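Visitor: Mature numbering (1 follows the signal peptide of the UniProt record, and there is no 0) puts the sequence shown at residues -21 to -1, 1 to 90.
In case anyone wonders, no lab produced these hints; they're calculated from the structure.
Hints may be right or wrong, so weigh each one.
[Said to hold, decoys possible] Pairwise CB distance ranges, derived in the manner of DEER restraints: (1) 60 to 21: 16 to 22 angstroms; (2) 44 to 13: 18 to 24 angstroms; (3) 14 to 44: 28 to 34 angstroms; (4) 13 to 47: 30 to 36 angstroms; (5) 13 to 81: 31 to 37 angstroms; (6) 23 to 88: 31 to 37 angstroms.
Since this is a predicted model, take the numbers as computed values, not measurements.
Glycine included, every Cβ here is placed at the ideal spot set by N, Cα and C.
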Amino acid sequence: MNMAKIKIASAVVLMAASALLGGCAFQSFRVDEASMRYAEALPQGLSYAWRQGGKVWLVPAKNVFLGSARTLSGQTMMMASEGSYFTIADAPPSFYIEIDSRIEPLSIPIQ
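All chains should be modelled from the sequences, with the hints used to inform the complete structure.
Guide: Have a look at this one:
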């Protein structure tokens, strides 16, 4: 095989790989906005809060510490970090969240 054919074959392989990876990435970030429910009111320190797919997603403001999350009856709920987001699985419609050592109520409808 001469060098010209190798270069063309390499370019075709790279383009095909890019198309496949681009298609996979696009599919994995598709969002069904109809299933999203947003917080009724955001306490100071939260930029965004919404519910989707059984999880509550929280985005703290810059330089804000999110502590524990608790049900209205005081039970601690497990929070997980997913990049710059925090998630709470199976959260009730209303609960308390610790934001910079303050306990704040948060309501996000289920439907």
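Visitor: Hint by hint, where does the structure go against what was stated? Just the numbers, ascending.
Guide: Hints 2 and 6 contradicted; others consistent.
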